[in-house]
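A.B. asks: Keeping their order, the protein sequence lines are chains A and B.
Residue numbering for the first sequence follows the working numbering, beginning at 1 and increasing consecutively.
Residue numbering for the second sequence follows the working numbering, beginning at 1 and increasing consecutively.
Some hints here could point you the wrong way.
Listed below are the simulated DSS-like cross-link pairs for lysine-lysine, each with C-alpha atoms no more than 25 Å apart in a straight line [unchecked claim]: (1) A:104 with B:9; (2) B:52 with A:104; (3) B:41 with B:71; (4) A:60 with B:41.
Everything labelled a hint here was simulated from the structure, so no lab data went into it.
Remember, it's a predicted structure, so these values are computed and weren't measured experimentally.
These are the residues of each chain, in order.
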Amino acid sequence: GDSVTQMEGPVTLSEEAFLTINCTYTATGYPSLFWYVQYPGEGLQLLLKATKADDKGSNKGFEATYRKETTSFHLEKGSVQVSDSAVYFCALSDRGYSTLTFGKGTMLLVSP
Amino acid sequence: DTAVSQTPKYLVTQMGNDKSIKCEQNLGHDTMYWYKQDSKKFLKIMFSYNNKELIINETVPNRFSPKSPDKAHLNLHINSLELGDSAVYFCASSQDIAGPYNEQFFGPGTRLTVL
Numbered sequence: 001g002d003s004v005t006q007m008e009g010p011v012t013l014s015e016e017a018f019l020t021i022n023c024t025y026t027a028t029g030y031p032s033l034f035w036y037v038q039y040p041g042e043g044l045q046l047l048l049k050a051t052k053a054d055d056k057g058s059n060k061g062f063e064a065t066y067r068k069e070t071t072s073f074h075l076e077k078g079s080v081q082v083s084d085s086a087v088y089f090c091a092l093s094d095r096g097y098s099t100l101t102f103g104k105g106t107m108l109l110v111s112p
Numbered sequence: 001d002t003a004v005s006q007t008p009k010y011l012v013t014q015m016g017n018d019k020s021i022k023c024e025q026n027l028g029h030d031t032m033y034w035y036k037q038d039s040k041k042f043l044k045i046m047f048s049y050n051n052k053e054l055i056i057n058e059t060v061p062n063r064f065s066p067k068s069p070d071k072a073h074l075n076l077h078i079n080s081l082e083l084g085d086s087a088v089y090f091c092a093s094s095q096d097i098a099g100p101y102n103e104q105f106f107g108p109g110t111r112l113t114v115l
């Protein structure tokens, strides 16, 4: 079945540092890929998405590129802020149904 | 206006009790979902409904019974609550069940604690 693997957290960074959160996936078809963010005490919000190979999703300074050859969708940001502290979830959706398969989440802690 | 709302936000109850969590979406979406997030933040799909019909039931114990009175509502009833049911339950909705472009919108979650 489909699965998503994310790097273990927490990831601890200083403000303005470069961020990478690794995500790889296993799927039988050609899934759509997503990054969701969960701020403390809140529900999940879609951060960005990519629906086919080589697509780049971007939002709020975050980027991720759909790499079919390496089955990866790594999240990057050039300069993190304290307000980026949250849990980040990589997810995929099979083309047949919109149901999301999530990775285990990576907590990001940014200090001033 | 809140797009996807859930009530209650917090629910503390004793083992063996029966409880319900309500979810409403005002986005006009056809599809709704329930997810469970455990203490390690792992999120897993429980159910999905499309136009009030059950589409996906992911090996959830039959103590959990979703009910969709109309497209805008998907409630979750849990019988005979167990300690392992303690988790945060998220409701979500999307325009439709199929297709790669459907974005899911999540509610704020209901934190269930079983004592």
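A.B. asks: Could you run down the list of hints and mark each one as holding or not?
C.D. replies: Hints, one by one, checked against the model:
Proximity of residue 104 (chain A) to residue 9 (chain B) is assessed by CA-CA distance (about 23 Å); at most 25 Å being required, the pair is judged to hold. With a CA separation close to 29 Å, the supplied pair residue 52 (chain B) and residue 104 (chain A) exceeds the 25 Å bound. For the hint pairing residue 41 (chain B) with residue 71 (chain B), the CA-to-CA distance comes to about 28 Å; that exceeds 25 Å, so the pair is violated. For the hint linking residue 60 (chain A) to residue 41 (chain B), the alpha-carbon distance of about 23 Å falls within 25 Å, and the restraint holds.
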